[in-house]
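A.B. asks: Chain by chain, the residues run as shown.
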Amino acid sequence: MNNINNAFTNGKAFIPFITAGDPSIEITEQLVLQMAEAGADLIELGIPFSDPVAEGEVIQGANIRALSGGVTVDRIFEMVKRIRCKCTVPIAFMTYVNPVFCYGPEKFIRNCKEAGVDGLIIPDLPYEEKGEIMPFCTKYGINLISMIAPTSKNRIRMIAKEAKGFIYCVSSMGVTGVRENIGDEAREMVELVKTVNDIPCAIGFGVSTPEQAVKMTKFADGVIVGSAIVKIVEKYGSECVPYVVEYVRTMKNAIKTM
Amino acid sequence: MVKGRFGIHGGQYIPETLMNAVIELEEAYNRLKDDAEFKEELNSLLMNYAGRPSPLYYAKKMTQDLGGAKVYLKREDLNHTGSHKINNVLGQVLLAKYMGKTRVIAETGAGQHGVATATAAALMGMECEIFMGKEDTDRQALNVFRMKLLGAKVHVVTSGTQTLKDAVNETLREWSRRADDTHYVLGSVMGPHPFPTIVRDFQKVIGCEVRKQILEMEGRLPDALVACVGGGSNAIGLFYDFIEDRDIRLIGCEAAGHGIDTDKNAATITTGTVGIFHGMKSYFCQDEYGQIAPVYSISAGLDYPGVGPEHAYLHDTGRAEYVAVTDNEAVEAFEYLSRIEGIIPAIESAHAVAYARKLAPTMGKEQILVVGLSGRGDKDVAAIARYRGVDIYE
Ligand SMILES: Cc1ncc(COP(=O)(O)O)c(C=O)c1O
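So the sequence lines, in the order shown, correspond to chains A and B.
Here the first sequence stands for residues 1 to 258, where the numbers follow this note's numbering.
Here the second sequence stands for residues 1001 to 1394, where the numbers follow this note's numbering.
Looking at chain A on its own, in the form it has when it is part of the complex:
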């Protein structure tokens, strides 16, 4: 059984996203450890990419800060290894297909396994192209997380049937970023998934407040929050850890007993 399943055993899951290396690899390491302690059920760790096409301005900024700080895939693998000496929180990498492809897909996935990474989220690798990476994920027992969006409609069944770990439900159209209103499409997506596969569904893109998280976890198994956390990191820089921890605790408390 993959460690990702453990993320959904402690009530509704709270899944924070941060970009590795923003503002530095040392702070990222502290953030992961302390977010886990504050109740994060799974940590989505972004490997920065020069051209994050699925990202809004906030996370684009995190990518630029991390890359200009000189972070590389190898340094991120080393960091995860250090984290794994202290903490078992499920970790999924979020990155784009090119960094994985250029590193060598098999080598990348094998290193994920060795470092203790449990899953991989690649927004520009849709169902049709997952053959690029999937064979290695199967070989090394890493979950390649499937995404569905409000436009997926007739594709949801096909995607859900083969999904592993959990399904990342994109709440609304567009790129990542805090949104005031999230529509009802998410609920329909989750309901459709559950008719074909009894797999956890987490909602991401736009979620930032405890109220939104509560609303989403009435029907979903967890929420993913990226931009709201990255904004805190951006604001406080290397002093950000206590502020992020506080935010994570508030969010997890809001949905824990849903």
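Hints may be right or wrong, so weigh each one.
Unchecked claim - Calculated lysine-lysine pairs in the DSBU-like style (CA-CA distance at most 30 Å, straight line):
| # | chain 1 | residue 1 | chain 2 | residue 2 |
| --- | --- | --- | --- | --- |
| 1 | A | 153 | B | 1003 |
| 2 | A | 231 | B | 1003 |
| 3 | A | 153 | B | 1033 |
| 4 | A | 107 | A | 164 |
| 5 | A | 194 | A | 256 |
| 6 | B | 1097 | A | 153 |
| 7 | A | 130 | B | 1134 |
As the list claims (entries may be wrong) - Far from chain A, some chain B residues (derived; all Cβ distances over 12 Å):
| # | residue |
| --- | --- |
| 8 | 1007 |
| 9 | 1031 |
| 10 | 1033 |
| 11 | 1038 |
| 12 | 1051 |
| 13 | 1067 |
| 14 | 1100 |
| 15 | 1125 |
| 16 | 1223 |
| 17 | 1248 |
| 18 | 1318 |
| 19 | 1329 |
| 20 | 1358 |
| 21 | 1389 |
Calculated from the structure, these hints are not laboratory results.
Each residue gets a CB set at the ideal place from its N, CA and C atoms; glycine is no exception.
Assemble chain B with the ligand onto chain A, guided by the hints.
C.D. replies: Just chain B with the ligand now, with coordinates in the frame of chain A:
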């Protein structure tokens, strides 16, 4: 991994949010490409609005001066809006209209594709928004005003390197926000399937006309075709009809900027490696970790770190050759063609002219060389003046 492949290249590497949009596009295109009404409407636009067929002009003075092959220029610069971009744009905007879309968005580098898209949108009564990197809005200020004049909204892109690559990123982001009523008019033979195929099909008219024209004028096919390659749409347009004519050399000219041994170039096939970006597997200028490299060329239209997947394939199989032409060679060719033939080429097209100047003298006098003159150079005059140290403000 089956759809839209050119050897290992191509594919559909885009976020799930956009998958149904490209599938819908592919279905509509397959339905309409052989539809009599659609074809007739497009042909009539190409003839009566864009001014096709474009002339194949025998450049006699240039031929004499170079002392080798007979040089012909395929005059895409004479099309309405001044470049080959209009061929693709009329096709795609008409397709979007048949699909019931009411809004088009596009990226642009030099501004030629943006101007063409704004033009077609005005003609067909569509809302139009163009994304253009800040560096390009600065160096192609006149085209920004042209697009506005045509009723388009121009977004200045300040993310990343603020050039064509970033304009594509921003247009993809906008499309993922709003795809139901909006078509993304991609400007070159790149991006996710079906764009490389659709754009090539709309551009192949260039080569099809050349075949007819050269047979009429010379009674034989050419020996070599030369075109500049940014994403590669004018080049594939010129080459495509000749791919099966194995004896004809197909030569694509990439932008070498300050030189391929410097880090200031955009010669993707010459200096790049295989990667996956902007929806396609192809060659890209990137570092060992797959971070896309900042590229450079004097020509905004060639200043792109990738190349269309069909070119990547033609390179892999050896069917086409790709060479690199520096800023300096291109500027000299820009001035050369202006003086010798009275034709001011686009700085992009000047890259092809520059290579033709090297190639023609090595060919026999009985041989024929066709150069794709993808656009006219009015837009570049101020920038070339600045390159030569003359301060002109548009
Ligand atoms: C005149 C002209 N030629 C060539 C290009 C490069 O595009 P492609 O390689 O798709 O023909 C451009 C792009 O802006 C252009 O304006």
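A.B. asks: What are the numbers of the hints the structure violates, in ascending order?
C.D. replies: The structure breaks hints 2, 7; every other hint is satisfied.
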